[in-house]
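Going by this note's numbering, the sequence shown opens with residue 498, and the numbers climb by one from there.
Please keep in mind that the hints were generated in silico from the structure rather than gathered at the bench.
Incorrect hints may appear among the rest.
Label-pair distances were calculated between CB atoms; the ranges are [what the hints assert, rightly or not]: (1) 513 x 535: 18 to 24 Å; (2) 558 x 582: 16 to 22 Å; (3) 509 x 567: 28 to 34 Å; (4) 533 x 570: 22 to 28 Å; (5) 565 x 544: 29 to 35 Å.
We treat Cβ as the ideally placed atom computed from N, Cα and C, and that holds for glycine.
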Amino acid sequence: IYRSNGPSTGVNAWIDGLYNFTEDYMEVNNISPTHPELWERVKNMWNDEGTLPVFDTNFEVNRVSFFHRRDVIMWHNALTDREPFGVLRNRWGDAQIR
């Protein structure tokens, strides 16, 4: 399910817990955002509107080597292979977690 009409539309059930999970993950792993302005936008949208920005994912160009980075693999595993199993239990998808 994609919330392609932009923030504050669609089903917020598919982002339940994602923001808090991300903040906790960043703290535990001592991660600072590489794009502080973008992270600030995410935090403000969460605090002000109770939703997260979703970027259009109908067309993407990615560098495969990015997905092979250790930090990206660890993030993916945290989302899919460990508690709280957010992708499985909460249906967090690529539009929400990118």
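To see whether the hints hold, each was checked on the structure:
no., hint, in the structure
1, 513 x 535: 18 to 24 Å, "holds (22 Å)"
2, 558 x 582: 16 to 22 Å, "violated (29 Å)"
3, 509 x 567: 28 to 34 Å, "holds (32 Å)"
4, 533 x 570: 22 to 28 Å, "holds (23 Å)"
5, 565 x 544: 29 to 35 Å, "holds (34 Å)"
Hint 2 from the list above is the single one not met by this structure.
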